[in-house]
Amino acid sequence: MGNDQEKQQSPSRPYPWILPSIEDWPIYKISQERDLLIEQVIDETLDHILKKNPTEKDIQVELAKAVYLEKIRVERPWKTDAPDEKTFWNSVKNALVRLESHADNKIDEEKAILRRIIHRYAHEIVGNFNKGTYQFAERFVPFAFNRLLNASHSRAFIRLFGNKKDLLKSVHLVGEIDQVRALAQKGTIVVVPTHSSNIDSITVGWGISAIGLPAMFYGAGLNLFSVRFLAYFMNRLGAYRVDRRKKNAIYLEALKTFSTQVIAKGGHSLFFPGGTRSRSNVVESQLKLGLLGTALEAQRRLILEAQEKPFTKIFVVPVTMNYGFVLEAKELIDEHLKNVGKERYFVPSDKYSSSYKILKFMYRFFTADADFTIAYGKCMDIFGNPVDMEGNSYDNNGNIIDIRDYFRSHGQLTNDNQRDSVYTKMLSEAIVVAFKKNTVALPENVVAFAAFKIFQKKHHNSDLYSVLRMAEEFRELDRAELREGVKSLIKELQRLQNKEEIRVDPIVLAEDLDTLIDYAIKKLGVYHPKRPLIKMRNGNIKCQDMKLLLFYQNRLEGYGLEKHV
Amino acid sequence: MSEQHPVGVIGAGSFGTAVANLLAENNAVYLYSRRQDYVAEMQNTRMSAGQKLHEQVIPTHDIAHVARQCYVLFPIVSSDGFKDTIRTMAPFLRPDHILIHGTKGLALKKKGLEKLKEKSRIAGKNVLTMSQLIRRESVVVRIGCLAGPNLAREIASGFPAATVIASRFDEVIQEGHRLLTSHRFQVYGSHDIVGVELAGVLKNILAIGSGAVSGLGLGENARALFITKGWAEIIKLSEVLGADVKSFLGLAGIGDIIATCSSPASRNYSVGYRLAKGEKIADIRASMDEVAEGINTIRIANGLANFHGIHCPIIKTLYQGIFEDLNVETGIEYLMRSRKSMDVEFL
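So the protein lines, in turn, are chains A and B. The opening position of the first sequence corresponds to residue 1 in the numbering used here, with each subsequent residue numbered one higher. The opening position of the second sequence corresponds to residue 566 in the numbering used here, with each subsequent residue numbered one higher.
These are calculated hints, taken from the structure and not from any lab test. Keep in mind the model is a prediction, meaning the values are calculated, not measured. Don't be surprised by glycine CBs; every beta carbon is placed ideally from N, CA and C. Just so you know, not all the hints are guaranteed correct.
[What the hints assert, rightly or not] Coverage of chain B stretches by chain A, computed from C-beta distances (three or more under 8 Å per stretch; other residues unrestricted):
1. 657-664
2. 700-706
3. 855-869
Bound conformation, chain B alone:
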């Protein structure tokens, strides 16, 4: 029955395009971009974000049409533009829509991100994951998220991969499974949508740091130390926001960390690498086509740690490294201060 309905992907960045191509193996897919000229370009070249478009992918600029034709939509835009995108769609959305997003970012209920300082305090209740943002800005309730080790370039190259679809609704997980599963793509389910979202979002912090460790040439022991201890900080923060620790052991957690923290293909990793090589954050940002979500995420994570009194030396050091020009040696010295604590405290 549902095979007759096309599926919509909102956002034609590299991951959006990769997902559209995956979906196109089983369905007709609308690929929406808010930029009309880009849609025209896709139509002419049949290319998007460096990937060839599957023949079943239809580029479009008409959001109302996409919302009317599709029951299942995949919003995959940067977290900066996420709220505006949902607001644009909201008038056309109904409670029978299913939205499965693939955006790895957080939003704030009140303050703008730019106003955040090192000492800013953010209460967990004022931080929204993208699923919470969808719920707040639209009538849609059947919401899911897509997370896991899904480097867009590798998916585009047809390498085998797997993902997690998390939702409170079995129906959403089943739909995601039905639509995405193929001989080169596996889909797992989870009910802990907040945990899966946070694992996917917060691991970008470590990807930046891991890139910096490489850039500094500190070796693999240092990287492992950094990632493992940083991960513990992230888990503690996530518990405050209502996540289930188990999600951090799955594909969206450990799985994604292994992929992003060791791959120069990851945007966040390259941010860290270039920082370590002495480039300024503003220049790095200006030179990238797509947003490195980890940069904003570090600001929010730092504010959360301040508010909830959670000791997060790694996040703090990264924050200072990026926004306060902390020099590298001081950063390392700070991290290596001996701490008399037990190894695993979060389980």
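Isolated chain A, as found in the complex:
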């Protein structure tokens, strides 16, 4: 795309910091008052829950539900869980039982129990930001990665990017980087990336710092904290803990309150709106509305406080993480296929839970020489409208919008939770569209897509599962056939890219077809025990793992491309 940027000024820092001094970073300032923040989160959460549950009976029901769910959860503890979990929830339960036998006014005691629970959750959620650790990580991470990359250099990998490798050459940053940088100085930004791999937590953080943005409040899955060395950094880099196992209303309220508070205080934030890694590798189309809603609530608060005076604007930055290689692909696609058609409750696992495993994982990732692109989409306001470099919002007809109007009724700024919930859905719809537009079609995806669709067409009478279980002798592709498929696919991709409906990796468009196919086959799932595609002696292509092929081709689903293979 025309305004894409791939700046490579200095090897470790292509973009200067927008705020050179860490003391000026919002996350630093907010973290200086961590205790106050926690107190505010507790008070506000309590307040919200009491408003939603006006009677004594309501509170009792809410508490009972929380205790019930938490008692089930603590039966299968994770390493990150506090050692006194069982004791705590037993004591809460006992306190509730004691209250049952009281006949008179229990509301104060119920409130006290509620407060105890919120207090525990708030302390668990809120992370910290440590300047020293950040500076160390900032220097150490690229250094370590570069060492890893250069250590692997002696291996005979095909390279298209020249010999000297560093992190920046292996990771491509494309998209509206200048706009993101500009708006991070004009307002508060909320970065919402797609989620494919466990490694996203590291790469996205790196991607943020590489474009010169300060560290962000970042909602990280609790399972990541189980890796001790990661936890050390994450605890100090602004990560806050999101525990997907806790589905009770009290926890969710505390989490949302915290997020709203930091965004409203000007803390740039990041969370994965898909909630979990995309199992099928299809770009997320259903987003979790909870944390997205906090960005909206923060904006409403800022506007209602400012009334007609200037207010801080919140900008949403959709980001796509595009990997030609996902280490846990096999496990993800298996889970996906198992769950298709069944609305089964999915128990998240805490795999990759040791430092060794995650280090090995990272090492493999960065030495695998896989393509990896972070694409920054056009920024939008909290309602999904496009914004310019100044942060002005525009409607479909190119007129500037005063976003305060969204919160007005009959000319007055008002508070309407139901209205906000619809706005949040609108925002999530806009993010889904942006994800699709900013997905990068990598050589691996393109070739996998063409190959899979050819298999499917040859067996058009079979359903997906039969195609996946095809016997080996049917899993061979004529090279000329694949070349034709890839050729017409690229033509359509180019057309879509011209309409800004997708991004296409430059290699896809630059290389001649045979080079491209060989390149993709070589790279496709380079570290999987069984590569999805291999070249045969006679020049034909064979698929060794249909499920993995499906995984990598899925990235290009939803664009109507199947008609073009």
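Starting from the structure of chain A, add chain B where the hints point.
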């Protein structure tokens, strides 16, 4: 607070005028027409579409003024002119406007309606309801629709009636309720705006068919068969477009069907009736003051059924009857071919 703000009705056809008069019982109302001469006529005669205008109704030609003065607007124009109307208004609209439309039609994102043939295929994602069109063409998000058994003539005569206001926003439903409710008019709410819109739109197909059944003198059993089975086709089509089946059981669904499929007062019904009596569609269209929405709707429904592979013999037969000069006997024979299927398959 809001009582001070006037309400706007965009479009002074028979239903627009009836709604303006209903609204005028509680508020000052601007009644907009794009035709300046018609506005002058309304001002002089205090009549519009055969109805006497309430004293609180102010006819106007100034869309900018209406948009600036009113927070709530009711666009009630034919679906043919709907897009142009919204485009004319768009520069004056803001996110704090509420638009509640009363138009029973569909629009296409790409192709023009005229290009549609019997075998044309239309994907659901390329069909827009009027609320989706408003969203696409303007900055307004608080959008609602008005649907139900609301024959304009009966409302104008002051007969009791009820309507559904559907919107994703409670605020819109509440506003509609506050503005329209009176001793002779009840307002119900729904969050399924797409379902309510589609029920209101697609039932016009059956109104045409029902008129044809009457015109042919086939009797009430045939009419009931036709409506019930046609309704099942419509529900299947609507599900593809994201509607909730429940809406088809409410006022905008069954309610509207009962009113339109048995009333010679309905424009769509009379189209079917006259077709059955041997008139040509072009002549019927030329003789009507206002558009019978059902004619265009049949084209779109037919294209949708083709694309999504939904078996819709009733819609197909109607399409052929209107656009392909299918003779009546063949049509009936086609419909009466025995089908070994279960009665209710859509729930």
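Verification of the hints:
no.	hint	result
1	657-664	holds (count 3)
2	700-706	holds (count 5)
3	855-869	violated (count 0)
Hint compliance for this structure: hint 3 alone is broken.
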